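Colleague: Residue numbers (my numbering), protein chains in the order written: chain H, 1 to 115; chain B, 1001 to 1115; chain F, 2001 to 2115; chain E, 3001 to 3430; chain D, 4001 to 4430; chain G, 5001 to 5430.
Mixed in with the good hints, there may be bad ones.
[What the hints assert, rightly or not] Here are the computed lysine to aspartate or glutamate pairs in the EDC-like style, where the Cα-Cα straight-line distance is at most 16 Å: (1) F:Lys2023 - F:Asp2071; (2) G:Lys5287 - H:Asp52; (3) H:Lys23 - H:Asp71; (4) F:Lys2082 - B:Glu1108; (5) F:Lys2024 - F:Asp2067; (6) E:Lys3149 - E:Asp3406; (7) F:Lys2057 - B:Glu1062; (8) B:Lys1057 - H:Glu62; (9) F:Lys2027 - H:Glu88; (10) F:Lys2023 - F:Asp2075; (11) E:Lys3288 - F:Asp2052; (12) H:Lys54 - F:Glu2018; (13) B:Lys1027 - F:Glu2039; (14) F:Lys2057 - G:Glu5405; (15) B:Lys1057 - B:Glu1088; (16) B:Lys1054 - H:Asp71; (17) B:Lys1082 - B:Glu1039; (18) H:Lys57 - D:Asp4406; (19) H:Lys57 - F:Glu2062; (20) F:Lys2082 - F:Glu2018; (21) H:Lys27 - B:Glu1039; (22) D:Lys4288 - E:Asp3406; (23) B:Lys1023 - B:Asp1071; (24) F:Lys2024 - F:Glu2099; (25) G:Lys5288 - H:Asp52; (26) B:Lys1057 - E:Glu3405; (27) H:Lys82 - F:Glu2108.
Quick caveat, the hints were computed from the structure, so don't treat them as lab data. Just so it is clear, the structure is predicted and the values come from calculations on it, not from any experiment.
The residues making up each chain are set out below.
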Amino acid sequence: MKLIIAIVQPQELPAIKEALLRKKIHKFTVSNVLGRGMETPIHEIYRGIAHDIKLLKKVRIEIAVNDEYVDAAVDAICSVAKGVDEEEGRGKIFVLPIEQCIRIRTGETGPTAIG
Amino acid sequence: MKLIIAIVQPQELPAIKEALLRKKIHKFTVSNVLGRGMETPIHEIYRGIAHDIKLLKKVRIEIAVNDEYVDAAVDAICSVAKGVDEEEGRGKIFVLPIEQCIRIRTGETGPTAIG
Amino acid sequence: MKLIIAIVQPQELPAIKEALLRKKIHKFTVSNVLGRGMETPIHEIYRGIAHDIKLLKKVRIEIAVNDEYVDAAVDAICSVAKGVDEEEGRGKIFVLPIEQCIRIRTGETGPTAIG
Amino acid sequence: MKKIFLIMAMILLSQTVLFASSETAINAYAIDNMFLFLAAVLVLFMQSGFAMLEAGLNRSKNVVNILFKNFMDMSLGVILYYAIGYSLMYGNSYLGGWFGFAGFGISSVPPTPAAGALNPQVDWLFQVAFAATAATIVSGSVAGRMQFKSYLIYSIIITGLVYPISGFWKWGGGWLDALGFYDFAGSIVVHSVGGFAGLAGALVLGPRIGRFSRNGQVNAIPGHNLALAALGVFILWIGWYGFNPGSQLAITGADNTNAVMLIATNTTLAAAAGAVFSMLLAWSLYKKPDLTMALNGALAGLVGITANCDSVTNNEAIIIGLVAGILVVLGIKLLDNLKIDDPVGAWPVHGLCGIWGGIATGIFGPYSLTSQIIGSVVIPIWAFGTMYALFTFLKSLGILRVSEEDELRGLDISEHGEEAYSGFQIFTAE
Amino acid sequence: MKKIFLIMAMILLSQTVLFASSETAINAYAIDNMFLFLAAVLVLFMQSGFAMLEAGLNRSKNVVNILFKNFMDMSLGVILYYAIGYSLMYGNSYLGGWFGFAGFGISSVPPTPAAGALNPQVDWLFQVAFAATAATIVSGSVAGRMQFKSYLIYSIIITGLVYPISGFWKWGGGWLDALGFYDFAGSIVVHSVGGFAGLAGALVLGPRIGRFSRNGQVNAIPGHNLALAALGVFILWIGWYGFNPGSQLAITGADNTNAVMLIATNTTLAAAAGAVFSMLLAWSLYKKPDLTMALNGALAGLVGITANCDSVTNNEAIIIGLVAGILVVLGIKLLDNLKIDDPVGAWPVHGLCGIWGGIATGIFGPYSLTSQIIGSVVIPIWAFGTMYALFTFLKSLGILRVSEEDELRGLDISEHGEEAYSGFQIFTAE
Amino acid sequence: MKKIFLIMAMILLSQTVLFASSETAINAYAIDNMFLFLAAVLVLFMQSGFAMLEAGLNRSKNVVNILFKNFMDMSLGVILYYAIGYSLMYGNSYLGGWFGFAGFGISSVPPTPAAGALNPQVDWLFQVAFAATAATIVSGSVAGRMQFKSYLIYSIIITGLVYPISGFWKWGGGWLDALGFYDFAGSIVVHSVGGFAGLAGALVLGPRIGRFSRNGQVNAIPGHNLALAALGVFILWIGWYGFNPGSQLAITGADNTNAVMLIATNTTLAAAAGAVFSMLLAWSLYKKPDLTMALNGALAGLVGITANCDSVTNNEAIIIGLVAGILVVLGIKLLDNLKIDDPVGAWPVHGLCGIWGGIATGIFGPYSLTSQIIGSVVIPIWAFGTMYALFTFLKSLGILRVSEEDELRGLDISEHGEEAYSGFQIFTAE
Ligand SMILES: Nc1ncnc2c1ncn2[C@@H]1O[C@H](COP(=O)(O)OP(=O)(O)O)[C@@H](O)[C@H]1O
Ligand SMILES: Nc1ncnc2c1ncn2[C@@H]1O[C@H](COP(=O)(O)OP(=O)(O)O)[C@@H](O)[C@H]1O
Ligand SMILES: Nc1ncnc2c1ncn2[C@@H]1O[C@H](COP(=O)(O)OP(=O)(O)O)[C@@H](O)[C@H]1O
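Extracted from the complex, chain H is given alone in its bound form (with noise of 0.2 Å):
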């Protein structure tokens, strides 16, 4: 079992969601994140000072699934959230290894908790 974090862009969020349930992956928990990255600040004016705002809205996906789904599941979010111009700032993907995982509702635990 692997713990799936990606960081993407907010807007790319729907797509992604479907992307996702596409590939038959239903269950995942998003958050609200600052990232900071190559991408090119937004530039702000308040009352006359310039000031950068370097950490940048993103959101954070988290997708517990079996071995077999996190190539489907990094292969559908990377298609959708690319973008189509090779812009700085569209994400990244991280896997980690989840040792235990358990479904509080019926106590089930393992491969089959996850989904």
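Put chains B, F, E, D and G with the ligands on the given structure of chain H with help from the hints.
Modeller: Relative to chain H, chains B, F, E, D and G with the ligands alone:
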């Protein structure tokens, strides 16, 4: 050392906190997330347009523990978070390996730094 | 590759960012969390009712790095986040293994994709 | 010839004089009606103050519900008070002054223009704003747990029946008026009615989940937006300049003019004293200056001065406000001790300080303390009793309170399928 | 001797009388001008109502932009309507009543003091508030996707040219006035102009990204702050007590006084009926009581009664409001079906119910239905046509709509480099 | 017989005439007092405008604190100005016009009813609203770092002593008045006092942590809620229709009526010009249209026109507003260059443009430029000097500024133990 990530229903957080404390687990980190699982979506209407909110509000609890505490923590969470009726959407627990843990204040590392 | 998860006091974020940049660590992801540790709770009063806020605002920094950068990152964070007086609640750092890393934009994987 | 000329001149002249005189009356008519019209606008503006205050002092998950209730108190109130309420309140007296009636709708026959003569249209407008005020006080007390449709039923009944009937007893010329009871602008007739109806609601509904722990602990459920709450109180304070001065019902004639100005200043002094002293008391009790207490204190002062703003001196106004500011802090404590959950403090502010206003009128003004006590007890009992019965009836039908799940999720989603702050990340847990 | 004494006495006396009479006229002058001044203040207050309503009904990422547009509608509107608009609207008639002009700026020559005589300064103030209202209605329709500088160009043209010209046709004494068309306070002259200009904008701009899916699905883009939206409607309702009653332009003289009071009450009844019945209709259609529908319903009732509030009875006012409340719900549905994206419902409220107000004046009031229909069709066409041309021209210059990226990121960042809710965590995804 | 009849008729007639005449005076009395009462209500409404503006332009962690300060400026201001301030400002002259006094409280003796005669109660109400305005301007300058109890001490001293004393110099008939200095509604007497007191506070307190980096960099600390800030400015603009027109103190008599209307229009034009030109200047300087600059620009225009709105033409009003709009942008820049942290720009708006208003009165109005310059320098120095001393004294007691930790955590938690937006997730870091 393990990192326990539990995704639960928001209203259960107070009870979970108490259950953890009873098991002498005093330290954890909580964040707000949106989850998509099996649960029935929320049906909203805005100016005559129906729309379903499928990403539902959940709470994500991260607990870093030494190996011998994993079962206690998982049990504590499951006992209260599973709800009375076996409704869907009660959440999941993932257990990940931690390689190193550092207490920032003292620089202490390893199992003793965790608590 | 490792995932460094640091939970720190919010007001220290700017200094931590600078310290990381000095160590040539340019990419990270930040989110707002609530933490429960040893720190004294905030005491609030609302219309005559005292209530303690025990879940205090913290910032969670996720940094994916290649193995050789782990110590640099941990040191950078510890150096600034430990504060002057040894007050409680300075936070923790957890290091987790990453099995795979993918740069969404290019599809690049592995150690070169992380930075 | 000359005499005829003289006499004709005099006739002409006297007609000019009469004309000038009636022109003066016509001007006075314009002034007085304009005054009441503007006062009505200010009182109607209070509706937004209540909406902001009550929304601000509740959780974000119930904001749409509260705003909607306030908005319907105003809208349904207008329709009901037009159809029946106004007539019940200012109709001809029946049953020995316990009941009035005068047909449906509003007369469209204007009076002979004169100082103090009021066009029935504007009189109704002023009165309906008061009825809506009485109704909307309750929405705060029952916030976060009552079904929306039950609230609409309540709102219809209070503006259509309960408020007009007790209003008639005093302002319609009924038995309390005959008894010598005095309530200038409605500490009792308006505010205590709302406050005690709210208390009935809070009692029958029971507290919100989590407000009182099983072990007897009292928990705070903090308001979600104190900027809105403060804005609400600022607006209410401003609206009160319609509520109290407008209740003089005329401004022409030196006595009326002077009365209006005294009333405006007394209203201001009482509000300020209420704010300052409730802040100081709460500060000394709880060691921190608490904004919501000071806000409630200002309202408490305003409610307290409402019955007697025309009959006390400036210094007395300060005393009345000061006492109200202290009472409201104690009243909030009292409800907590009794485990009654009144989310915005409607009873301490409008109920308790309403009674204080009624009694203060007997203490400081030239009115019989006995009559004041009678009126200040009977009307609250009427409001509390009828409303307790209504809420109990709605409860017996099973439509009073939402389910536990709906309450936890928030009324905005469960009752309206609509969130107030779409897009904002809101802590669903603490 | 005696006769001389008598005659002298009479002269003295008659001068006193004349003096008294002219003093009365001077008082009346003060009252009427004060009345219009206060009405103007209330109408100007509506600007904040529009700002709050439109901001509240849009996403948080566009709030600075909307507030700024509303604020500039008021500020630029004042400058433009001062420089040229007022003169075009109330100037001497040319081209057979299709065009007026009277030089630049405002006259500073006060009239002879008398009842109903208006100082040109206050007359302008009242009128400019109307012009700003017409302009600002549009900002809601084009929210979330229009370039700021194009909006400023639009705003200049509507308050400087388009609104004054059609305004002249009726209120300046132009050809529509000659035809017998009646529009008391501007259901057509003000609201339908704004509503149809907004429709033109919404059409030329096209919908916001994501509002209609390629598969034909209609998606909701919920407002980000319904507390602000509700506050906006409460304020607009209050401001309308300047809009409608003020349009009587005088309050002295019993007829004027009575008219103002009737107007105020009719305005109230129509607003309430609109709110209640739009709530009920939306409730029965969509199974949940929807706050934004009720808020729009109140505005719809207010727009509907604006043309005729002086010429209908109380009961008719309720009917007019009720129909408006129903129309607005259907109008919102209609736009969705036609895939037109009007984020705040400016066309259903101001355009559709504006026309309803114009026609209702012919149905219920003593005015020719034919004239009413002509006016209620011609002015909307004028506003729609000129504005459609302008928006198309701006589009051809490539400065009408922001880029897709800027739209997704929000106009606050892309157009102003400034966020409305700095520090708040806002869901960037749903 | 006939003669007797004639004479008796004439006596009767003359009494009727006198009666009509005095009835007219009584009407005028009602009108003028009502006018001032309504103006006072509008000025009091400005308190909520300041509260929303200042809250909106600061971080969310200090909102309760700012709201509370504004609310106490109003509440404590009422008590203090009642007890002592009013008497100091409008008392009998001592020490060659440098000091006034007239006992405690307000007279309750009404004047003989006549046009322009003011009931002391309403006069006080109007004046206290001005005092509270002067006080509350400062709360923005010292936001985010001052201890609450020190602020209350400041607030008591400015409304009780500092403002009344310099107010007496001009409006109480003191030495500046004798010198021919003119300040119609308080560009200097009210606004520059607040603006310079705020500057003193900002200087003695020092900047907020993080506002200026050690390397000399200027950092933005963006306001947390620009919707509230915009609402605040809309409300302030509306409230100014009480501030300026009300300062005519009477509306009956054609001259007064005409003056009020001119004042209202000039006020509007200056506000609009200030908004438009500050937007344009900031746009050209910083390449983006900045809402907060435009909002400040409108206020700058309003402050600039306050001293002279009765004595300039419409076109001059536009010029005064335009210059003010430019000055405010430059003033904000200047403070940044001087490393002075004035979170809401109180000094550029009220201090700098207050002085501009005072001097513009000499340039455009019929007043001696020398006197204007003297007044426009002396009063700001008085306010700055006394307040600098007070803040320094409080600093020496160690109760002026909160601890670094408390400041970082926010005053809401550290000073009040109460958060403004309970439940909202707010970025604690950027
Ligand atoms: N090493 C990393 N550790 C943690 N987060 C990262 C890391 N690299 C990238 N991110 C996250 O991904 C987002 C996009 O990364 P970026 O490097 O700008 O994308 P790209 O690789 O397309 O240029 C960043 O804003 C940050 O949130
Ligand atoms: N595989 C997964 N990966 C990430 N998050 C998950 C996963 N499965 C469940 N979750 C999280 O847990 C929440 C509840 O899951 P759900 O499957 O609905 O519960 P149940 O198993 O009780 O039906 C989801 O909303 C989601 O946030
Ligand atoms: N075992 C843990 N699991 C998860 N989060 C932790 C753990 N220990 C500490 N934290 C996080 O770190 C924060 C600070 O921890 P704390 O123990 O108070 O610091 P210190 O070790 O300096 O006393 C906590 O509020 C919590 O968010």
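Colleague: If a hint holds in the structure, say so; if it does not, say that too.
Modeller: Hint check results:
no.	hint	in the structure
1	F:Lys2023 - F:Asp2071	holds (10 Å)
2	G:Lys5287 - H:Asp52	holds (15 Å)
3	H:Lys23 - H:Asp71	holds (10 Å)
4	F:Lys2082 - B:Glu1108	holds (12 Å)
5	F:Lys2024 - F:Asp2067	holds (14 Å)
6	E:Lys3149 - E:Asp3406	holds (15 Å)
7	F:Lys2057 - B:Glu1062	holds (15 Å)
8	B:Lys1057 - H:Glu62	holds (15 Å)
9	F:Lys2027 - H:Glu88	holds (13 Å)
10	F:Lys2023 - F:Asp2075	holds (10 Å)
11	E:Lys3288 - F:Asp2052	holds (14 Å)
12	H:Lys54 - F:Glu2018	holds (12 Å)
13	B:Lys1027 - F:Glu2039	holds (10 Å)
14	F:Lys2057 - G:Glu5405	holds (14 Å)
15	B:Lys1057 - B:Glu1088	holds (14 Å)
16	B:Lys1054 - H:Asp71	violated (25 Å)
17	B:Lys1082 - B:Glu1039	holds (14 Å)
18	H:Lys57 - D:Asp4406	holds (15 Å)
19	H:Lys57 - F:Glu2062	holds (15 Å)
20	F:Lys2082 - F:Glu2018	holds (15 Å)
21	H:Lys27 - B:Glu1039	holds (10 Å)
22	D:Lys4288 - E:Asp3406	holds (14 Å)
23	B:Lys1023 - B:Asp1071	holds (10 Å)
24	F:Lys2024 - F:Glu2099	violated (23 Å)
25	G:Lys5288 - H:Asp52	holds (14 Å)
26	B:Lys1057 - E:Glu3405	holds (14 Å)
27	H:Lys82 - F:Glu2108	holds (12 Å)
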